[in-house]
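S.K.: If you want the building blocks of each chain, they are given just below.
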Amino acid sequence: MQHANSNGAAGAAKDGAKDTGAVQEFVTVFVGETMFGLAINRVHDVFIPTGITPVPLAPPEIVGLLNLRGRVVTAICLRRRLGMSAAAGAAGQATGQATGMAIGLEQGGETFGLVVDGVGEVLKLGAETHEAVPINLDARWRDLALGVHRLDGRLLVILDVDGLLAFGSDRPSTKAA
Amino acid sequence: MDDLLREFLTESSEHLDTVDTELVRFEQDPNNETILRNIFRLVHTIKGTCGFLGLPRLEALAHAAETLMGRFRDGLPVSGASVSLILATLDRLKAILADLEVAGTEPAGSDADLIEALEQMAAGEAPAAAPAAPPPPPLPAIVERELKPGEVSLEDLEAAFLAAPGPDDEPAPAPLPVPVAVAAAAPVPAPVAPARPPAPVAQKAEAPAGQAAGPASESEGPAKVQTIRVNVDTLEHLMTMVSELVLTRNQLLEIARRHEDSSYKVPLQRLSHVTAELQEGVMKTRMQPIGNAWQKLPRVVRDLSAELGKQIELVMVGAETELDRQVLDVIKDPLTHMVRNSADHGLEATAVRVAAGKPARGTIRLSAYHEGGTITIEIADDGKGLDLAAIRRKAVERGLASQAEVEKMTDAQVAKFIFDAGFSTAAAITSVSGRGVGMDVVKTNIETIGGVIDINTQAGRGTTFTIKIPLTLAIVAALIVRAGESRFALPQVAVLELVRVDPSAAQKIERINGAPVLRLRERLLPIVTLTGLLGQDGGEAEIQSGFVVVAQVGRQRFGILVDEVFHTEEIVVKPMSTKLRHLSLFAGNTILGDGAVVLIIDPNGVARQVSQSAQAGQIPVEAEAEEAEIGEARTTLLVFKGGNGAFKAVPLSLVTRLEEIDASKVEWLGGRPLIQYRGRLMPLVVADEAIQIRNEGTQALVVFSDGDRAMGLVVDQIVDIVDERLDIEIAAERSDLIGSAVLRGRATDIINIAHFLPLAYDDWARGPRKAAAAKARTLLLVDDSAFFRDMLTPVLKAAGFSVVAASGAEQALAILSGETRIDVVVADLEMPGKGGFELVAEMRRAGGALAGLPVVALAGTVGPEMVERARRLAISDLVAKFDRSGLVAALAEIEAPGLAQAA
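Just so you know, the protein sequences line up as chains G and B, in that order. Going letter by letter, the first sequence gives residues 32 to 208 in our numbering. Going letter by letter, the second sequence gives residues 403 to 1305 in our numbering.
It is possible that part of the hints are untrue.
Listed next, with one range per pair, are the computed distances between beta-carbon atoms [as the list claims (entries may be wrong)]:
1) G/Phe78 / B/Thr846: 32 to 42 Å
2) B/Leu900 / G/Thr81: 52 to 62 Å
3) B/Arg902 / G/Leu186: 51 to 61 Å
4) B/Thr687 / G/Phe78: 30 to 40 Å
5) G/Gly82 / B/Leu670: 17 to 27 Å
One-sided excerpt, in silico: chain G residues whose CB lies under 7 Å from chain B [what the hints assert, rightly or not]:
6) Gly82
7) Thr84
8) Val86
9) Pro87
10) Leu88
11) Pro91
12) Leu96
13) Leu97
14) Asn98
15) Gly101
16) Val103
17) Thr105
18) Glu141
Chain G is nowhere near these chain B residues, computed Cβ spacing over 12 Å in every case [stated by the list, open to error]:
19) Val719
20) Tyr771
21) Ser986
22) Gly997
Calculated directly from the structure, the hints in this document are not laboratory data. Owing to the predicted nature of the structure, the values given are computational and were not obtained by experimental measurement. Where a beta carbon is used, it is the ideal one built from N, C-alpha and C, also for glycine.
Given only the sequences and the hints, what does the whole structure look like? Please build it.
M.R.: See the structure below:
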């Protein structure tokens, strides 16, 4: 996957790399039409989520658990995590058989799968296309976004992986005994 | 921190723990040279290593301790004070080691106090004169109280007496503290090697020479098992990998089952075997003797015994029993807590013990053994036992159970209240325990690892706690079930049995006010649906068929309704994701043979939900009895089986209690069955001639009581409690039945308790009570005894009256002058205060309708004088109590055109 970066990335990105030297690589993912970027060093896997076991009473973001090569992975729906409307790709998720792809992330020795609609290429981006998070963004997004990159014809929202995975602890548990 | 230091730390702390234990043993048995040698060697090793690693503080301390122990070897009497001093030194060593582990360097500080005391004790023949200075502030407080100057512990005295040669000419040991310095020399009989540093090899050579060397079984000496140290993480990783291998193997087996190709099968079989063996082998590496968790206990008990002034002996059996490391960690603290509890609450003070004729020294016995797939640990004391009466009281006070519930509970059930948070009956709170904190934590800890705890207590004889825990946490047997769309795993430890339920079959789910219950062998079992618990379905109506998994957690028994049960499987428990750990219903998750992830249901979590929700247990008796008293229209009836499987019922309000007694408790006196019940004899009467009182097993009884009399009605089986409109259809011809009614679609005989009471007590009918009833549509029943009112009401209803009851003459008069039109009065003649005759006399005086109101009087005995008096008051009839048919006939007569007429 790392080798894919040379082809797709916008020319601007390459230039930026030369200018600043501070080039970061991002795995791009899609939810609906929106493109998001995840720091590549946090991404362990890209896989197709199958056989998801739903967890009753779980927070809504959690799609369920799945078996990834013998490890139990907690699948988190990025769409629901970001509070995006479920309309577009909901059909598959409702049955627990998410149609899209999943990004394997690790945190604190646990594996999580971030379920998205699709995975794009890996982009190398420099600081010159980077913008701070626009202040008029939804509060939820503001907390989860690290910044925005201006690409040719579209925008890439960089997501904070630890922030994405932080919902369980800071949110009061729904049904704790 | 370099590896050498790390290894030193691990090794030293292990050594120190061993020394702790050994020292306590040594104190009790100061002549045992093997133990002394052992201790000496361990301390020496520590000292040597410290010197090598450049740890002067540790070295100096260890050196001073070693010197004193060297003096023991040379024959210095071993005293409690000196052992305490060495123990204090060990505590200091441990504290320094702990700092060392954190900081990597020895903490600053001075140990001059201890060293001085040690040296003084080693040098000075002045015994017990070592006032150990309190430890410097940065160290954790030492638990035990240091002996004051001139004070000698009881153990010390005892040890001295035991060790002293020749017969004692002193009286028995006085209670502590004894203001006498004991100087009795206790020479170590064995020839002692000169104080040269005993290298292990030299020791070995010496061993055979020592005349007094213990039996060869003292194996903890230099005879070493060949071991290597492996990092726990390495083992854990290995364990995980093996678990994965097991899963993969299971998947392969699953695939092979679907394919006919037999060329797979042989190698697969082999793989399967190898995997199983590998799994077992790796599991073994995780196993540790339970003795590791007990190591600190002798010291704890010794300190407690000094603190509490009790003589306590700790006996440990089965220390070599092995269990999983993880499990061991979890039970370590609970065990310590329970031993402390036993020492503090369980065992009486020495004086009390002696007064009770028990040995002055109390015993706490700790034993462990394997039993099936579980390990059983028992903690037994020979103390006073639990004060069950106090616990019952306290349980009611704290609102944990009602008085009635508490009385129905067995002693074992009552004892379990001590596991409730904050529950303490200790009259005095000591520094050791009694604050009601702890046993609940103990129970929680044990339950988190899938264990159960039980209590057996006998007043004056002691209390035994039995803990059963699984050998390992990593792999458990679980029942795989389906609920709704998903499969779940239910750990088998909590599962008692499986019951198939179906609306068309014998076992079906019934409802009480919407709460589903199942009849299971004379008990009602509250049912929860798994899908309901998990908030999955709204369709309560669907729960009709499926399987009920009967589970027990602590005192609670409940059924979990699932749609389907597949099979049991050994599953590898994987912890829940941190994001999901707040869901108390799940204990973890696992990957099944087919690769699917399933959630493991936590029975404890379910139990908590059950008791919180409205579906809670113990619905039947109390709740419904109350309702029956309020609502007139419905009557709550107890349904039982008696005689040839026929269903019979009796109004629940008449029933005092339901009992299951041990059939062997039934005694026969003069051909009549009796049992000892609550300290009195209670006659038993069979509910039907066809019933045989059982000789063995348990016998169900329905207990009726009135005042201080009680009788037990022998029934075959208590079936149910129903709350229905009582519509008695046929007045039976038999005096033991009121009639029959349809209850829950079954023809059921309603028994006439009045028939049975005289069978138990010939004179039950006599005595102050009885009622009058108003009749011709509405009947007023006047009786001071609620029992008789309850008993007669169904009889009168069966005869076609609507019944109004009054508990005395005054109330009866109030009713008569009220709005309700009363057609006939049935009054007991013998009532406290204003009797039946006075009541009738007032009615007659009142004139109007009351003057001519027909009255039937009930009397215990009917004499000519009474008949005359009744005639004067125009009482229609005088009927003997319990003459049910007589009463009904008399009322029938009044209905007939005939007017009031004396009997």
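S.K.: Let's test the interface hint: is any C-beta of chain B closer than 7 Å to that of leucine 97 of chain G?
M.R.: Check passed: Cβ of leucine 97 of chain G comes within 6 Å of chain B, closer than 7 Å.
S.K.: Between threonine 687 of chain B and phenylalanine 78 of chain G, does the C-beta distance stay in 30 to 40 Å?
M.R.: At roughly 33 Å between Cβ atoms, phenylalanine 78 of chain G and threonine 687 of chain B fall inside 30 to 40 Å, so the hint holds.
S.K.: Holds or violated: is there a CB of chain B closer than 7 Å to the CB of glycine 101 of chain G?
M.R.: Cβ of glycine 101 of chain G sits 5 Å from chain B, so the hint holds.
S.K.: Range first: 51 to 61 Å. Now tell me if the beta carbons of arginine 902 of chain B and leucine 186 of chain G are that far apart.
M.R.: At 60 Å between Cβs, range holds.
S.K.: Is glycine 997 of chain B truly not at the interface, in the sense that its beta carbon sits beyond 12 Å from all beta carbons of chain G?
M.R.: violated (5 Å)
S.K.: Quick one, is the valine 103 of chain G hint okay against chain B at 7 Å, beta carbons?
M.R.: Because about 5 Å separates valine 103 of chain G from the closest Cβ in chain B, which is inside the 7 Å limit, the hint holds.
S.K.: Any CB of chain B closer than 7 Å to the CB of leucine 96 of chain G?
M.R.: holds (4 Å)
S.K.: Under the criterion of a CB-CB separation shorter than 7 Å, is threonine 105 of chain G in contact with chain B as hinted?
M.R.: holds (4 Å)
S.K.: Going by Cβ atoms only, is leucine 88 of chain G closer than 7 Å to chain B?
M.R.: Since chain B brings a Cβ to about 5 Å from leucine 88 of chain G, closer than 7 Å, the hint holds.
S.K.: In this structure, is the beta-carbon distance linking glycine 82 of chain G and leucine 670 of chain B contained in 17 to 27 Å?
M.R.: At 23 Å between Cβs, range holds.
S.K.: Just tell me: holds or violated, for the beta carbon distance of phenylalanine 78 of chain G and threonine 846 of chain B against 32 to 42 Å?
M.R.: Cβ of phenylalanine 78 of chain G to Cβ of threonine 846 of chain B: about 39 Å, so the range 32 to 42 Å holds.
S.K.: Hey, does tyrosine 771 of chain B actually stay past 12 Å from chain G on C-beta?
M.R.: For tyrosine 771 of chain B, whose nearest Cβ neighbour in chain G is about 34 Å away, the distance exceeds 12 Å, so it holds.
The earlier numbered hints that this structure contradicts are 2, 11, 21 and 22.
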